[in-house]
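As a plain string of letters, each chain reads:
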Amino acid sequence: MKLLTHNLLSSHVRGLRPGGGFPLQIQASEVRVRPVPFNAAFVARLVPRLRWAALLEAAESLGHPSELPPEPAADYEGDESFLRRVHHILLEVEVLEGVLQCPDSGRRFPISRGIPNMLLSEEEA
Amino acid sequence: MEVKTSKGHLKVHKMKKKVLRKQVRAQHTLMRHEGIECISHPTQSLVIANAGLGNGMSRQQLLRIVEEYGLVETLLMPPNKPYSFVKYGTTEEAKKAFDALNGKEVTLEDFGQNIVLYINFVEKVFWQNAVPTSLPPGLMVIEKIISPEEERRMLESIDWIGDEDTQNAQKTLKHRRVKHFGYEFCYDNNNVNKDKPLPGGLPEICDLFLEKCLKQGYIEHKPDQLTVNQYEPGQGIPPHIDTHSAFEDKIISLSLGAEIVMDFKHPDGHTVAIMLPRCSLLVMAGESRYLWTHGITPRKYDIIQASELGQKVGTITADVGDLTLNRRETRTSFTFRKVRRSPCNCIYPSVCDSQKGQQRQVQPSFPHNDMEASKLEQEYVHKVYEEIATHFSSTRHSPWPRIVEFLRSLPKGSIVADVGCGNGKYLGINKDLYMVGCDRSKNLADICGEKNFQAFVCDALSVPIRSGSCDACISIAVIHHFSTVERRLATICELARLLRPGGTALIYVWAMEQEYKNQKSKYLKEKNDSKDKEEEINIGGVQRPLSDQMPDSSSQDSACSDRLLNDLNDEGCAAKLVADSRLPVHTNRTSFHSQDLLVPWHLKGGTKKKGESIDTVSSPAGSKESQELSPVFHRYYHVFCEGELEAACRSLDCVRVQKSYYDQGNWCVVLEKL
Numbered sequence: 001m002k003l004l005t006h007n008l009l010s011s012h013v014r015g016l017r018p019g020g021g022f023p024l025q026i027q028a029s030e031v032r033v034r035p036v037p038f039n040a041a042f043v044a045r046l047v048p049r050l051r052w053a054a055l056l057e058a059a060e061s062l063g064h065p066s067e068l069p070p071e072p073a074a075d076y077e078g079d080e081s082f083l084r085r086v087h088h089i090l091l092e093v094e095v096l097e098g099v100l101q102c103p104d105s106g107r108r109f110p111i112s113r114g115i116p117n118m119l120l121s122e123e124e125a
Numbered sequence: 001m002e003v004k005t006s007k008g009h010l011k012v013h014k015m016k017k018k019v020l021r022k023q024v025r026a027q028h029t030l031m032r033h034e035g036i037e038c039i040s041h042p043t044q045s046l047v048i049a050n051a052g053l054g055n056g057m058s059r060q061q062l063l064r065i066v067e068e069y070g071l072v073e074t075l076l077m078p079p080n081k082p083y084s085f086v087k088y089g090t091t092e093e094a095k096k097a098f099d100a101l102n103g104k105e106v107t108l109e110d111f112g113q114n115i116v117l118y119i120n121f122v123e124k125v126f127w128q129n130a131v132p133t134s135l136p137p138g139l140m141v142i143e144k145i146i147s148p149e150e151e152r153r154m155l156e157s158i159d160w161i162g163d164e165d166t167q168n169a170q171k172t173l174k175h176r177r178v179k180h181f182g183y184e185f186c187y188d189n190n191n192v193n194k195d196k197p198l199p200g201g202l203p204e205i206c207d208l209f210l211e212k213c214l215k216q217g218y219i220e221h222k223p224d225q226l227t228v229n230q231y232e233p234g235q236g237i238p239p240h241i242d243t244h245s246a247f248e249d250k251i252i253s254l255s256l257g258a259e260i261v262m263d264f265k266h267p268d269g270h271t272v273a274i275m276l277p278r279c280s281l282l283v284m285a286g287e288s289r290y291l292w293t294h295g296i297t298p299r300k301y302d303i304i305q306a307s308e309l310g311q312k313v314g315t316i317t318a319d320v321g322d323l324t325l326n327r328r329e330t331r332t333s334f335t336f337r338k339v340r341r342s343p344c345n346c347i348y349p350s351v352c353d354s355q356k357g358q359q360r361q362v363q364p365s366f367p368h369n370d371m372e373a374s375k376l377e378q379e380y381v382h383k384v385y386e387e388i389a390t391h392f393s394s395t396r397h398s399p400w401p402r403i404v405e406f407l408r409s410l411p412k413g414s415i416v417a418d419v420g421c422g423n424g425k426y427l428g429i430n431k432d433l434y435m436v437g438c439d440r441s442k443n444l445a446d447i448c449g450e451k452n453f454q455a456f457v458c459d460a461l462s463v464p465i466r467s468g469s470c471d472a473c474i475s476i477a478v479i480h481h482f483s484t485v486e487r488r489l490a491t492i493c494e495l496a497r498l499l500r501p502g503g504t505a506l507i508y509v510w511a512m513e514q515e516y517k518n519q520k521s522k523y524l525k526e527k528n529d530s531k532d533k534e535e536e537i538n539i540g541g542v543q544r545p546l547s548d549q550m551p552d553s554s555s556q557d558s559a560c561s562d563r564l565l566n567d568l569n570d571e572g573c574a575a576k577l578v579a580d581s582r583l584p585v586h587t588n589r590t591s592f593h594s595q596d597l598l599v600p601w602h603l604k605g606g607t608k609k610k611g612e613s614i615d616t617v618s619s620p621a622g623s624k625e626s627q628e629l630s631p632v633f634h635r636y637y638h639v640f641c642e643g644e645l646e647a648a649c650r651s652l653d654c655v656r657v658q659k660s661y662y663d664q665g666n667w668c669v670v671l672e673k674l
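Line order of the protein sequences matches chains A and B. Just so you know, we're using full-length UniProt numbering here: the first sequence kicks off at 1 and counts up by one. Just so you know, we're using full-length UniProt numbering here: the second sequence kicks off at 1 and counts up by one.
Worth flagging that the hints you see were computed from the coordinates, not collected in a lab. Here the structure is a predicted model, which means the values were calculated and not measured. Treat the hints with caution; some may be incorrect.
[Claimed, not checked] Heads up, simulated PhoX-like pairs for lysine-lysine below, C-alpha to C-alpha not over 20 Å straight-line:
1. A/K2 - B/K338
2. B/K18 - A/K2
3. B/K338 - B/K212
4. B/K412 - A/K2
5. B/K212 - B/K194
6. B/K144 - B/K215
7. B/K81 - B/K144
8. B/K212 - A/K2
9. B/K431 - B/K383
[Said to hold, decoys possible] From the derived model, a few chain A residues whose C-beta atoms are all more than 10 Å from chain B:
10. S11
11. G21
12. F22
13. A41
14. A44
15. S61
16. G63
17. E71
18. E80
19. E122
All residues carry an ideal CB built from backbone N, CA and C; glycine is no exception.
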């Protein structure tokens, strides 16, 4: 699970207040860093879609402090070094084993071999 | 003083370039296919391509090769891979090994083949060891049950000289040799002829041995059937379960002449490799006899634990720090069984030929509420996909052109969800997209993970992705697995929820009409194709008289109003109404006679779920080799009539139908989020 994927995931346990399922807390037991070819235009397009604070928090929790600013600067599209740092944290850091925890309900979703299991039981859905 | 001619220089230079090129190629292969990152600066650890258990390099030989350059801290040989890892005490030693071995030609000891080693440095040597496996329940291996003398006498007692025809057939087909006593085993129906015992019964030489087994409780009854099998290196027997109705529970098999590895597989795909030493007795009882298949892979060597060569009995754990190759020799087995006189009544009906006929009594019917729908889908969709995942994945390899076209038309940097992604067929199509797949089947999602795609497990009715975060989504051959109108509509709602305004969704579902505009779909066309590939969307259907077009029911009401659902229910096409009746079972590659039905899936190659290395042996039908019960699974489908999908989409006021078309037996829509 890359951090970009994590940025999209939101707990869907029934009965949560709006937004109560995001962001999922990561407790990782195995993290892998794998190089991915960098493409500035690709990354630049992703930036506005991100929940920035959640991204920074996730990176911290994995012990990969991202050296990213609290908010993207206005001219981020032209800032290659910024984009490279975003690229690294979004696409090159993967959680292989661990748990995602719903902030409001505490429900835990396991991650195994990079695949989170978000399946809810009949009662929870 | 040696004077090198300019030609000589050029030759050396060319060779060095060639080695470098191949070394770099090895690097790329290791990275792309195995996720192993090679680095350019020297470290203590090396990866050696072309020196692995998977390509015939034994541990002993590799150790001897690498030891020459320094103290070997670790030597890891992952099973079935064509590479290995070595870690030296110091970087200098590793560098020495690199310089000496990169591009070096080596002769494989066991096979006489020449290979070239390509070396790269790696950050560290690490391999995830599989969890140690336990024996299949009911299985026992008893070592040294007979003495070498008894072994010799038993081997000598077999008179292989049968009739000439059989002998010639065996020689040409390179089959293992087989001889039966007591009752003839018939390979056409995998059963014995219980009314015609063979004269002579079991050979006297076995009497004492069988008395011992009875006394020890390895068997309950004195066996009355014996099959002797002789396996030369390279021979095996396909995975099978001994026919339930033919033989009683406990089956014992004596191994003579050589040791061998036998593979046991559980229907959930999980396999266990068991070492059977010489003069040992294998006892299969209960689950290991009735539910697990057993087989011997036809090959010339087995992978076993190096530290206990020839000694270790029981399971072979995948401790990659300790595996090596063991050359096979001629092994003879004496398998004793008691012929069954009454039908089998085991607790594994899904694999029991005595009980299979009764299974049909539990037939599913059309669901009347959400709970029934959920239960139906659990039994006839989710459970099935988990079981058939690997086989299913192997039949889903060709991406469909119009779906590829849709993905390629999306702007670079788009975030795309594939809901019901299956084996991830579409997740890697367009590298300029960030695609995330999700599937209800954990085993299918895992297959995506193995391919290094982003995926997770969830239900399409409740996708844990934040609203409005996707630029696009696709849902191919998914919604037709939901068994009520409400549930199908709810999945379309979910897809819409994921989209940002202006985002697009592509949906494909099976069409009731498999022949459209006088063109038969691929499924119908492949009716006479003996290969049971069952490409997903190809299902046969006759040309049915089409009902009136669905009314354009775009409404200002909210998405799932009752009125609209009634419209969808009543004004559906003129297909047979299945409410209150059993769901019919479809005959593959023919037309549909009902919108709600069960479609068979014939499982091939066992129920492998992960990308496992156990070979399955294909065998000519009706031959001595085929001893398999081929499972059939039923999957629930609701096939859509012309206009039905479009109407359902139009009933939602948050989307607009951009496109609606028919593609090879499917109804398709492209939606745009408003």
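Checked hints:
Restraint check: the Cα-Cα separation between A/K2 and B/K338 comes to about 56 Å, which exceeds 20 Å; the hinted pair is violated. Between B/K18 and A/K2, the direct Cα distance comes to roughly 37 Å. Violation of the 20 Å bound is thereby established for this hinted pair. At roughly 16 Å between alpha-carbon atoms, B/K338 and B/K212 fall within 20 Å of each other, so this suggested pair holds. With a C-alpha separation of about 19 Å, the suggested pair B/K412 and A/K2 falls inside the 20 Å cut-off, and the hint holds.
Annotation: proposed proximity of B/K212 to B/K194 is violated, straight-line Cα distance about 26 Å (limit 20 Å). The suggested pairing of B/K144 with B/K215 holds, with an alpha-carbon distance near 16 Å, which does not exceed 20 Å. This hinted pair does not check out: B/K81 and B/K144 have alpha carbons roughly 33 Å apart, beyond 20 Å. A threshold of 20 Å between alpha carbons decides the hint, and for B/K212 with A/K2 the separation of about 60 Å lies outside it, so the pair is violated.
At most 20 Å may separate the alpha-carbon atoms for a hinted pair to count; B/K431 and B/K383 exceed this at roughly 32 Å. Not every Cβ of chain B is farther than 10 Å from the Cβ of A/S11; the closest lies at roughly 6 Å, contradicting the non-interface assignment. With a minimum CB-CB distance of about 7 Å to chain B, A/G21 fails to clear the 10 Å threshold, and the non-interface call is violated. Not every C-beta of chain B lies more than 10 Å from that of A/F22, the closest at about 6 Å, which undercuts listing it as non-interface.
A/A41, annotated as away from the interface, has a beta carbon of chain B within 10 Å; the closest lies near 6 Å. For A/A44, the condition that its CB be more than 10 Å from all CB atoms of chain B is violated, with the nearest at approximately 7 Å. No beta-carbon of chain B is positioned within 10 Å of the beta-carbon of A/S61; the least distance is around 18 Å. Remark: the non-interface label on A/G63 is consistent with the geometry, its nearest Cβ contact in chain B lying 17 Å away (cut-off 10 Å).
Every beta carbon of chain B lies more than 10 Å from that of A/E71, the smallest distance being close to 19 Å; the non-interface claim holds. No beta-carbon of chain B comes within 10 Å of the beta-carbon of A/E80; the shortest separation is about 16 Å. The Cβ of A/E122 sits about 7 Å from the closest Cβ of chain B, inside the 10 Å cut-off, so the non-interface label is violated.
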